[in-house]
Structures are given as C-alpha cells and as structure tokens.
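Peer 1: Assemble the whole structure, with the sequences as input and the hints as a guide.
Residue strings, one per chain:
Number of protein chains: 6
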Amino acid sequence: MIGHSKPDIQKTRIANSMGRARILLEALPYIKQFRGTIVVIKYGGSAMEDPRLRESFAGDVTLLSMVGIRPVVVHGGGPQISAAMAAEGIEPRWVDGLRVTDEATIGVVQKTLVGVINPEIVRFLNGHGAAAIGVNGLDADLFRAVPRDERLGYVGEITTVNTGLIEGMLDQGLIPVVASIARGEDGHVYNVNADTAAGVLAKALQAQKLVYLTDVEGVYENVDDPSSLISKMDLSDLRRLLERMDGGMLPKLRSVADALEGGVSQAHILDGRVQHALLLEIFTSEGIGTMVTP
Amino acid sequence: MIGHSKPDIQKTRIANSMGRARILLEALPYIKQFRGTIVVIKYGGSAMEDPRLRESFAGDVTLLSMVGIRPVVVHGGGPQISAAMAAEGIEPRWVDGLRVTDEATIGVVQKTLVGVINPEIVRFLNGHGAAAIGVNGLDADLFRAVPRDERLGYVGEITTVNTGLIEGMLDQGLIPVVASIARGEDGHVYNVNADTAAGVLAKALQAQKLVYLTDVEGVYENVDDPSSLISKMDLSDLRRLLERMDGGMLPKLRSVADALEGGVSQAHILDGRVQHALLLEIFTSEGIGTMVTP
Amino acid sequence: MIGHSKPDIQKTRIANSMGRARILLEALPYIKQFRGTIVVIKYGGSAMEDPRLRESFAGDVTLLSMVGIRPVVVHGGGPQISAAMAAEGIEPRWVDGLRVTDEATIGVVQKTLVGVINPEIVRFLNGHGAAAIGVNGLDADLFRAVPRDERLGYVGEITTVNTGLIEGMLDQGLIPVVASIARGEDGHVYNVNADTAAGVLAKALQAQKLVYLTDVEGVYENVDDPSSLISKMDLSDLRRLLERMDGGMLPKLRSVADALEGGVSQAHILDGRVQHALLLEIFTSEGIGTMVTP
Amino acid sequence: MIGHSKPDIQKTRIANSMGRARILLEALPYIKQFRGTIVVIKYGGSAMEDPRLRESFAGDVTLLSMVGIRPVVVHGGGPQISAAMAAEGIEPRWVDGLRVTDEATIGVVQKTLVGVINPEIVRFLNGHGAAAIGVNGLDADLFRAVPRDERLGYVGEITTVNTGLIEGMLDQGLIPVVASIARGEDGHVYNVNADTAAGVLAKALQAQKLVYLTDVEGVYENVDDPSSLISKMDLSDLRRLLERMDGGMLPKLRSVADALEGGVSQAHILDGRVQHALLLEIFTSEGIGTMVTP
Amino acid sequence: MIGHSKPDIQKTRIANSMGRARILLEALPYIKQFRGTIVVIKYGGSAMEDPRLRESFAGDVTLLSMVGIRPVVVHGGGPQISAAMAAEGIEPRWVDGLRVTDEATIGVVQKTLVGVINPEIVRFLNGHGAAAIGVNGLDADLFRAVPRDERLGYVGEITTVNTGLIEGMLDQGLIPVVASIARGEDGHVYNVNADTAAGVLAKALQAQKLVYLTDVEGVYENVDDPSSLISKMDLSDLRRLLERMDGGMLPKLRSVADALEGGVSQAHILDGRVQHALLLEIFTSEGIGTMVTP
Amino acid sequence: MIGHSKPDIQKTRIANSMGRARILLEALPYIKQFRGTIVVIKYGGSAMEDPRLRESFAGDVTLLSMVGIRPVVVHGGGPQISAAMAAEGIEPRWVDGLRVTDEATIGVVQKTLVGVINPEIVRFLNGHGAAAIGVNGLDADLFRAVPRDERLGYVGEITTVNTGLIEGMLDQGLIPVVASIARGEDGHVYNVNADTAAGVLAKALQAQKLVYLTDVEGVYENVDDPSSLISKMDLSDLRRLLERMDGGMLPKLRSVADALEGGVSQAHILDGRVQHALLLEIFTSEGIGTMVTP
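Chains as they are written, first to last, in this note's numbering: chain Y, 1 to 294; chain C, 1 to 294; chain F, 1 to 294; chain X, 1 to 294; chain D, 1 to 294; chain V, 1 to 294.
Among the hints, erroneous ones may be present.
Where chains are identical, the list cannot tell them apart; a pair therefore holds if satisfied intra-copy or between any two copies.
[As the list claims (entries may be wrong)] SDA-like cross-link-like pairs, simulated, lysine to any residue; straight-line CA separation at most 25 Å: (1) 232 x 261; (2) 232 x 12; (3) 111 x 149; (4) 232 x 293; (5) 32 x 185; (6) 111 x 34.
Treat the hints as calculated values from the structure; they're not laboratory data.
Peer 2: In structure tokens form, the structure reads like this:
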C-alpha cells in the first residue's frame, strides 16, 4: 500500500522541524561532557508534589539516562510522613526541641518512604520509558548507620555505603531511586536525613554532580535581599557562608561542602518549581540556580 | 601473648564437634546437586508470622545463598493487608462474591507489601548475613499485567516478566525478595496473586525448584484423610487431582502445573510450620511435604 | 569569588529554555527505540558539497552517535573524481556506453575517495565532537570483490564483507566512514558503486535502517507528477515500481530491495538538501522522504 | 504414581533432621567469613596414611571447595619414598649427617610423589565430588629452584612461583593438589621440602590461611609438658619460640613465620589424627590446635 | 660504551641470514591456516625414546604453541611399563591371549605413566620455553571409563571426556600433556589405550588435526610392498582398508575413522623416526606420512 | 581415492625439509621474547620504493603479526609528495630556508599520504595474509597537533596521541598503518614529520622496540669513516653523539632519544635496502644496523 504526502505539507513540516533539530544539536556538547558520569539528585518539595512538575522531572531524568548520563535519585518525604502520622494518630514527641523517632514513628517513616513515595517515583519514571528501580538503605545494607543522638531514637547517621549495589544497577542501565532509611548496627531500621544521604551517596560514588531540587531560587547571600541570589561560588565561599547561616538550607549546604571536599566535582541548588530545572542546568551554558565548585 | 588450652577440654570439644562435621558432610551431595540453580520460594503463612519460624527461614535462605544456590523469595501479605485496610476503615466491596480492589485498596496493598512486609523480610535476611534486596513488580517493569476481570478493579494477570533484572541480581550474589504487585498496561499499579506470581517467575527464570511454604503438611488426596498425604506425584497425577479439587490449595497447584509444564524441574508444597522446612527439603534424601515432578 | 545573577534575567532565560527542554523530551521515544541499533547512511550529493548542509549532517551523525545509536557512513564521490580526472587530463573511455575504469582511473578514484573526501568527512565529524574513523574496502579486506563486467576494468561487485571490522569499531564508540573501494580477488583495487556498497553493508551488519541522502525529495510514482511523491511503501510495492523504473534512483532502490530482503528493517530515501534531514527522519513521528519497509 | 508418607514417620524424620539443620546454620558465619579466600593445606602424616582419616580429609576439602572457599593441597611423602627406595635397593648416602638426593633418589622421589601419592589424593578427593587436579612443580614451571646445598645433590630451594597457574585453576573451581618437586635452573628435577613449599605457596598466593596437618596436637612451649600446648600466639611469640626450638616442628614453624611476614593472615598447626580437623578449625568458634597470627 | 661491527662481517652475516628469513616466510600460510586450531598428537615410539628425536619433538611442539596453534600431547608408555613390571617382578597374566591388568599392574602403569613419563615430557617441553602441564585422566575426571572386558581387569573404555579442563588450559596458553589412565565408574584407576584416548580426545575437542607419531613411514596398502605407502586417502578408502587389516596399526586407524566421523578435519600417521616430522607435516605443502580426510 | 608417494622421493623431500625445520626452531627464543610486545616501525626509503624490498617488508611484518608480535607501521612519503606537487604545478615556498606548507601543499600531502601511499601499504600487507588497516592522525583524533612554527604554515608538532585507538586495533589482531598527518587545535589538517611521529607513537604506546628502516647501514660515529659504523650504544652515548651531529639522521636520533627516555626499551636504525632487515633484526642473535638502549 503506497502512501503519499502532499509536498507543501511536507515542506511546512520540515520548516517546523528545523528548529527542533537545532535545539537537539545544542545539547551535543553537554551530552558529550557528562556521558558516563554519575549525577546524584535529591528530589523533593514541589517538584515531587505538583503533578506537572513531577512529569517534567520524570522526563528530564529519563532523558539523562537515555543519553548515557547516570542519574541516581534520592528522596525524602517529610510532608507525607507527617500526614501519615496524623492519620494514624501518632503524637510527635520532642526532646530539647528535637523530634523523637520512636518505634511507631519509624514504622510510619518506612511505610511511607518505601511503600508509597518510592514506588510512586519508580512508576512515573518508568511511565516515561526509563528503567527505574526502587532501593532503600536496607537493601544489601546500602546504608549502615549509628544513632545520631541517643535521645532522638531511630535517627541515624550513615557510616558505610554499599556503592557496589548502586554501581551494579547503573552498569545495567537502571536508574536507582533511593529511599533514605538505613540499617542500624543494632539491626533496627533508622531514619536518615535525605539531604545528607544524597551528599553521602554522591561522595561515595564519586559523582560528577550533586543536585538539590528545592523550593527556592537558589542560595542567597542575604536571605532578605532577592538581588543577593548567588549564581556561582566555590568551596571557600561556601565555608564562609556556612558560618553565618541557619535554617533549612543548612543541611543541604553542609552536605554540599562535605561532598565537594570528598571528590564530587560540582554541586547545584536548583529551583525545583521551575519545569525542567534539571535539563536546564545540565544542558545549557549558563545553568540555573546556585552552583558550587571545589 | 601465648594462649594455652587444657588438653582434656580440647578433647571433649573435639569429640562434640565430630558429629557436627559429619552432618556438614552429609549436605555435600545436595550442595553439589543444586549449586548454581535457581530456587523460587513462595513465602507466607506461619513461616512469615511466627518470629521463631521467621528466624529459621532467614537462616535457611541465607545458607542456600552462601553455598551457591540462587534463592528468589516471593511473598504476599493477605492478613497484614486486611488488618491495614481495617485500620484505615476501608470497607471491602464484593462483586459476584469476589473482592474488588479499588483505588483505596490498591494503595493499602502497595503500602503494606512494599513498605512494610518486603523491607522487613530483607532486614531479617540481611541480619543473618545475606545480601537480600527488595524488589516489586514496578521495578524496571519486572511484572507487566492486564486486568484479570474488569469488575474486580486493580487485580492483574502477569503478561511479561523482566527476567534480566532478577538474573542480574543473582549474578551479583543478591537474594531478590519480590513483592507481588505489577505495572498495568495502563500504567496503574495492580495487585497480583503471590502464589501465581511465584509460579510465573519460576517458569520465566527456568528455576530448578518452585517451593511453596504453607500452613499444611502437604497435599492430601482426600482432605479428610490424614493418611492420604502425598509425598510424591508427577504432573499427570496432579492434573487428575486438579479436576476434583477446590479450596486454597488450588492456585498453588495450578501454578505448579504451569511451572512444571514450562520447564521447572521440581515443585514442592512444604509445611512452613516446621522449622527449617526449606533446608530439610533441599538437604536431605527423603525431603518433606509433597513433591511434584514433570 | 561569589557570582550573582539578576533574578529577572534568570527568569527570562528560564522561560526561553523551557521550550528547548520540551523539544529534547520529544526525542525521548525515538532515542529509546533506536539505541544500540545500526543505521547505515549513504552520504553524497548536496549534503556533502554544500558547507551548510555538511555542518548540519555532521551534527546529526554526531548526535545519533552520542545518544547510543550506531551510525555507519558510506560515501562515494563522483563529481570530485570527475574533476580530478579532468585535472590530470585523463580521458574517460567508454564501452557500449559504459565508462571504463582503467589503471589510471582507479588511481584517481582511490586517491580522491580515500585521500580527499574520506578524511574530510572524518575531520568535520570529529570537529563536532564525534570519534569518526576513516575506512576503505582494503582495510582488513573489508570489501572483497570480483569484476562486474570484464570490459569495464576495475569495477567490482562485492562478494564478502568483513563485518567484524566495523562491529569492532562500533563497539569502541567509533563512527566508521567508509570509502567504497574493494580488494579484488586478484589483489588489485576495484571501484564499487557507493549506493550498492551501502546496501550490501547494511545487510551484512543486519542494520536497523538504511538511509540514502539524495538530491530529490523522495521517490515518485510518476517522476513527472510532483504530487506522486511516495511517503511510505513496502517491499512488494517497491518490486512493482522497480519493473517500470529507470534512471539514477534505480541502483539505490535495487539496493533497498536487497537489503530489506536480507534482514534490514527500514530503508529511507531522504532529501539531503534539507538541513538535518537525518535527525528529522529519526527523531520525528512522521519522518520525511520515502520510507520502505519489508 | 502417587506416593504417600505416613504422617508419624514424617514427624519423627523431621524431629531428627531439625538438629542437622541447626548445625548447618552454625557454619554460616564461617562460610561467610572465608568464602573466596585461599587456604593452603600441607597434607601428610596419619591423615594421609590412615584410610578413615583420609576419607574425612577428602570430605572436608571437598566441602570447603563447594561452599566457595579455595583450598590448595600440598603434600610430601617421606615414608612412601623411603619404602620405595628400599624396594629398589637404593642405599641412602649421607654428607655431614644430611641425606644426599642423587640421580637415582630423585627418580624415586618424582615417581612416588607424582605417580603414586598425588594421583591417589586426586582420586579420593574426586570420589567425594570435588574437581581436584594434580600438579607438580614442573608443570608450567610452577616452582623454580636452586640447589640448597651443593653437597646434597638435587635438593632445591624455591626461587619463583607461577601463581597464575594455581589461580587459573582456582578460578575454574578446581582444587590443586601440589607435589613438592621443582625445576632447577639447570633444567633438572629437584626435591623441595613440602612444609617449606606449602609456606612459600601460601605467601605467593597471599592465602588467608596456611594449615599444617601434623601428628601432634599442636605446638608445645615445652615439649615435655603436655599442659604447655599453645592454642594461640602471634608472630613475636613465635620468633621467641623459634630461638630455643629444634626437631621436626622447626621447618613448619619457620615457614609459618615467613608466610605471616609475607602477608598470610593466619597459620595453624593441627592434629591430623583427629577426624575432620580441618572442618573443626575453620567452622567452629574455638578452632583446634595452635593458631599463629601476625 | 659504543660497539662497532666490521662492515664486511655484517655483510656476510646478512647474506647468510637471508635464506633463513625466506624459510620463516614460507611458513606463513601454514601459520595463518592453523592458528587457533587444536592439534592432538599421540606421542610415542622412537620419538619418545631417542634423545635426539625427543629434542626435535619438544622444539616442534613448542613452536606450534608459540605461533598460536594449540597442541595437546597424549602419550602411552608400553615399553617403560613392561620394564618397570619386570623390575618389580610382576608376572604378566593372560586370558584368552589377552593381558590382564590386575591391581599390581595398574599400580605400575599409573606410577610409570604419571610419575615417570609424563613429568619427563613436561620437563623437556618446558626446557624449550613452552608452558606444558601434565594431566592424567583422574584430574577433574578428565576421562571416565567402564571396564572393556571384565576378564581383563582394569582396562577401560572412555565414556566421557571433561573437555572444559583441556580447553581451560589451552585458553591460558598451556600445552596439556595427557597420560592415558581413567577413573572407572567404580572409582578405581583404569588403564586406557593411548592411541584410542588420543582419538577420543580429538573428537571431543573437535580438533583440526589428529596426529600419530609412529615407527613406520605411514600406512601401506600392502604391508609387504614398500611402494604401496599411502600418502593420502579419505574415510571411505580407510573403511575399505580396515576390513582387511590387522596388526598394530589397527587401533590407530580405527581411532582415526572414529575421529573423522566425529568432526575432526584431518588425521595423520607420521614417521616419528624422522626429525621434526610434526613441523614438516604442518608447515610444508606436501606433508609427510599418510593423511586421512573425511 | 588413495594417493601414493614414492618412498625415495619422500626421503629426499624430508632431507630437504629438515634444514627448514631447524631454522624455524632457531626463531623460537625470539618469538618467545617478543610475543605480545609492540614494535613501531618507521617505514620509508628504498624499502618502500623497490618492489622486491616492499615484498620482503610485507612478509616480515605479516610474520611478526602472525607469531603474536604487535607491529605498528608509520610511514611518510616525501618523494611522492614532491612528485605530486610538481605534477600539480605547486611551487614550493621558503621562509628562512624552510619549506612552507600552505593550503595547497597540505592538500597534496594529505591526498598522497592518505589516498595513495597508505592504502598501497595496506593492500600489499593484506596480500601476504595480514589484516592491516590504514589510519591517519585525523581518525578519532589519533594525533592532535599545534603549529611548529607559525611561519611554516600547516606543519605540526604532536601534542596528544589517542593510544586507545591503536591498542583497540592491536587487540583485534589488526596491523595499524599510520599516515603522519594530524588534526590541529584549529581543526585544520597538519603535516607532521613521520620520523618524529613514529617516536612519539612508540613512546605513547610504551613500545618494546622503535625501528627506523633507512637507506644507510646504520649510524656512523664519523660519517666519513665506514669502519665507524656503530652496532650498539646506549642513551648516554647517543646524547654525546647528538651534540656533534647534523643531517638527515638527526630527527630520527632525536626521536630515538625521546622514546628511550620515555620508556621504550630498544631502538634500531636498520638498513632498509637489505631484504628482510626487520626479520634479521628481531629473529637473530646479533641483530643488524645500530641498536640503542636506555
């Protein structure tokens, strides 16, 4: 059955397509630069909650994987955990102003991170054609941890990382999606901060990039001054900044400092509320958000 | 610092140990026979609920893995799912006497299987020194499914299995622990019967053995006659038996028939209430429970 | 040294970039479909002569290679050979209307294809970041040939292809650029038609696609009727067409028929005068030019 | 043909088996600890002569191999050699109280070690299901040697070891059984002390353990005092002991010291007259005999 | 320290060397043809006994190995065994005119083949720079056998060959030297005819060539007519010849027939009394002795 | 069809062949010594122009390759380039007595080296059974270069070598034949001195030998004194010689010094006018020409 195409229609189509081809080609140098390297992405905030942003994230990560970059996704799930605790009527307990993770709480943490959020991320990534696989710190002892502060219960600090597990997955073309719990030396499950877990994993894997998707535009020198948004700084700048900083950015920036000292080449604080923030960072010359280099 | 041991104590110790050595050696022919082969184990019932049996199961699976056999664990979680549904106040719905898996139900199924039971199994296996890894049907599209009956909602029938994912894990010395959900062709999560999933997986992997850990002693020719317990039958016996059988054993035995037709070499219905049932089956000459061969 | 970026500039930049990200993502399904497959491209005509088209071609091929597709470029060089012969004062000789390739002529053919055109293509591909490598039919006896017609002199018909040579290069991530000469059974150099060589090579490599870059819009059912441009046909359509066809398209279409019969999945006659014709064909849903399938 | 098992018989059988399963599981931590490591075993004395001990040794080594440990057996054969010499009427010659290995003697040594003892060990190991392979120092120049003392004739000191040969065998799952002769730099066969060869080989292979099966209970601080049996000492203890020691234990202990200095992790002097001495040492917490650590 | 060479001396040397270079080059087509193929050589007779022929054999085999051909040497040792039996005063026993291999006899056979002849061949091959390794049928159960005739005692017929063992050695560049004993199904050592073992091994390894070094010039159509020496025949000629033949050539020719039927490409009966018979056969156009092809 | 050979003819043939076998065996130690090592050969002069010498060269290189040595051929082509320039009427331009390589000149250089000389060498090597492959510095950026002197135009100095490209070819058993052009950092083609390119490549590949085939007998201490021909010197001798030397040998000897300092084990200046000079050097004990060692 021979099919025909009207010449003028084909011409219009070609004209339209030309721009697309040029855009694909502009990505070439970035693909070339980052092929084969590991990019650890801490995923959370609006990018995880807003369905439209979630789709854009899934597409971005899948594309990175398809062109030969090796993304590793690390996620937490604070808000969903809080909601699940409320639904189960678990009262948060506090010691010296810090929340305690008791037996009941860690149960909800595990159930929510591993049973709800993690397979959900895997499912929508695979819906874009990726081959994502859910992992948590218990799998083949990916994360071993010790208690961070005995008074806080099952809150852990990572002591060892089974990098072979993640590397094995990357070698098979899989995208690991990591839920941030760990196995304590006592055999119990521990909750570990996802921002920190991302940094520790990036360092252990000697990643090229460590990327935080956040709900701010980047790092500000002065939080009250929108014009003080930092586009680029190095490790010494970051250390000075850390001395006079507090708030939610602190665990991320400390992890960035640790990762860069430990061999990671670049760290980024991106605005996850921007669609395709990840692609924009990796595939454009200026990047977006705040970049920190050693 | 030189240490001494009293000669008579050493002698007593040696005498005691001798018997242990002999028992280890009796395992030799079985290790030789099954090294490198895949054993798919459907895990559930008392063996999963009773802490003492759980420990014995974990030890057995770890030992199999350490001596070079390749166990794959598949689990369901009916009772825990029912409990979780009740706790969340979800009313079961029925169509023609069959339970419907609606949106809320599949959410509880996923959360319980993937977030509670699966990591728990992984955790106690790794506590025995194994390198277990949790997997579910969404991971790298391990199980793709279609709806089994449109009226039943998100209940799926497996259409394809990503055997490469499991084989890759086995090649790295990992013990896959599989939660029986699947990705529907519509992208949604589906619940799949764990007994069936085990059989399908055993067939897809061309396993040497398919083992069901149950809460009965084995298969009875006549359920009411304890002396009719079958120790051994072949596929043609099984087919005759299937014609006049009903009840909970049916999905297991149908899966056994499918698996044996599809290339699996042996299937076993074991009494999971017996400690170390798995080791006894694999490492003794008579085996236990009911064995079915092609 | 901390760098800042003005928030409004960043916003504009993001807005502009968004469209680019979307276009990259639209390529995803095609990358997924064709990763790891071999695409043999017959390169010639305007796409080789026009500097702007040459750049666009080089970018296209490099991009294919970077995203994991395995392009193999085959080229001829008729016009340049004619020019070089004229420059050296070699008179073309004819037998029954067919041009004779004598000792002097084959010398010019080899010098021009292997010494001028081939390294030029390699050089501009590598200028785009590719890792192209020049090859000709003499290298490790890539093409062995017998004389096609004794009266025509050193004009050969390919009898065997050393596919291992090309596969080895593809496995190392190289882009082979193949000059269409061959080693005769008599040890002499032979000229082989580049259109035919591309088809033979596609078949020997069991390529996914065989693509001809030409100076027409595609294949016409009726050369005099622009509206008869064929967008799609299958092998049986092509065979009917071949019976009543003549002219320059004939060797291409015969090679297409041979290649499709021999296991190649798709063949394309593209308009090489269109920039990025290759990308448009592979990365858009409608494709361009004429596609032939088995 | 359906087979039945009487329920009460099965119950008795299960009860009996339970203890066996527990013993198998107690071996788990040791299997885990030593999998993949090399254990060089000097085999000789009663363990080689007494048929019952020989069987127990064969079982032990086969089990080690089956669970993934990599045993290498080195043997001598003093008594058999003496007997063979007597049978052939060869008179031993002495120089300064040391026995001379002349042309006739080395012939008997080679014939007995390589032609009688070595294949015998290989044969009974394989009778237990192992895949043992006989090797001697001439094979692929496994051992090169120089004369130890010119007056002693063909008695050699090992200068180089072809570790690749043994490692290649281990990688194929074979158990090398090594006869302690060597190729001299002059091309002649040389006799090398088997105790020394075991130590040199353990060091060259960077073995985890070097084990001597002897006809004593272990090392005594004071040979005349049975209560001075040493269960554990380190390299510095051993060195002090060596200064005031003589007799048959000397070459073993010197080899132990050399091996531990050269990177071997543990050395053991075991009582080969105890059945399953090897398994007891490796698979129980207290071990038996004398252990020396760096 | 600058060294000088007198120009005229260098010229003479070059002149002399020229012929050598040409001879090396004449070997090229044969090296090309046989590289990577397996050649099984039955070694025995004068070639094994005469020191000069032994040297020439060792050189030939080493050269084959060095240029990438894969020789496997199989040897017997009839005369040495008879001598050893006489020395030990063992009386040969006969049943129906056939010699019986009893317990004492098989002991001498093993000791002589494995302990005397085999290491001797290994040693002189390695003296030429080869990496030969001694193997016998007990090693990793290389040869399994059943009794050939119960009345004859430990005389075996090979039932299975562990080709993986030999292939593993060839892959490591080793030259296996095989002593023709086997493991009986009863665990006992059996003597197997070396001519037959060579043929069975060639077939199991799918060798390119099976070569017998004998003490005759080749096969004669008529043993009494020296002019009836056969240079070349095919399998059907051989079968006709076998019908009317007897004597020592029979087991060789039957093995040749079996091997050629089983996939071996060429078999040769060479005169081992000719120095370098092996090289002459493989590296010259006419070959020597009798060649049989399928 | 049985074939016979007359016994006396066979005897004569064997006698004749015996000498050939001995010569083959004399090559053994050299094959053993150089197997697996890389030998970079600068090819040019009479050895390239004289048809008889060319044949001898092709045989030599093919033989080296067949016995497992890894030859890499580097060639220039001064005389042919000059002839081609004259034929095209290009006037050589000079700056300060040095020839300028302008746009037209580099075109002729590329066309002649890559299009005429290189495929010619490949073709006659393959005619001897080798698997040679033509390469030039543009292929996968084998040679990157910077201008040597801005006034000289497109004359380059090599800055980086893509050794992986050549090693990949050697691993596949190919013989790389390298044309000495390079890619400038500006993307343009550059001419590089072939003597220098050979030295740079030998160093980058950590070759065992760097061999120059020249039209002189070797290096003379005093060019006017034929008796001062040097057979052997070391790097310190060479450095002293370089201080008082000029003329055509200079670039070769400087490259030799660089290569030896950079890890190459031996360098040779051979008389390419002698047939089989290469074989004589590598396969005889005295070697020919001048050898330089570190």
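Peer 1: It remains to establish, for every hint, whether it holds in the given structure.
Peer 2: We went through each hint and held it up to the structure:
1. In this homomeric assembly, residue 232 and residue 261 come within 25 Å of each other (Cα to Cα) only inside a single copy, at 17 Å, whereas the closest approach across copies is 44 Å.
2. Taking the shortest Cα distances, residue 232 and residue 12 sit within 25 Å of each other only across copies (18 Å), while inside one copy they are farther apart (42 Å).
3. Proximity of residue 111 to residue 149 under the C-alpha cut-off of 25 Å is restricted to the intra-copy arrangement: shortest distance 23 Å within a copy versus 29 Å between copies.
4. When the C-alpha separation of residue 232 and residue 293 is checked against a cutoff of 25 Å, the pair qualifies only within one copy, where the shortest distance is 8 Å, while the shortest distance between copies is 52 Å.
5. With identical chains, the CA atoms of residue 32 and residue 185 are at most 25 Å apart between copies only, with a shortest distance of 18 Å across copies and 42 Å within one.
6. Neither within a single protomer nor between protomers do residue 111 and residue 34 lie at most 25 Å apart by alpha-carbon distance, with minima of 35 Å and 36 Å respectively.
Of the numbered hints given earlier, the model fails hint 6 alone.
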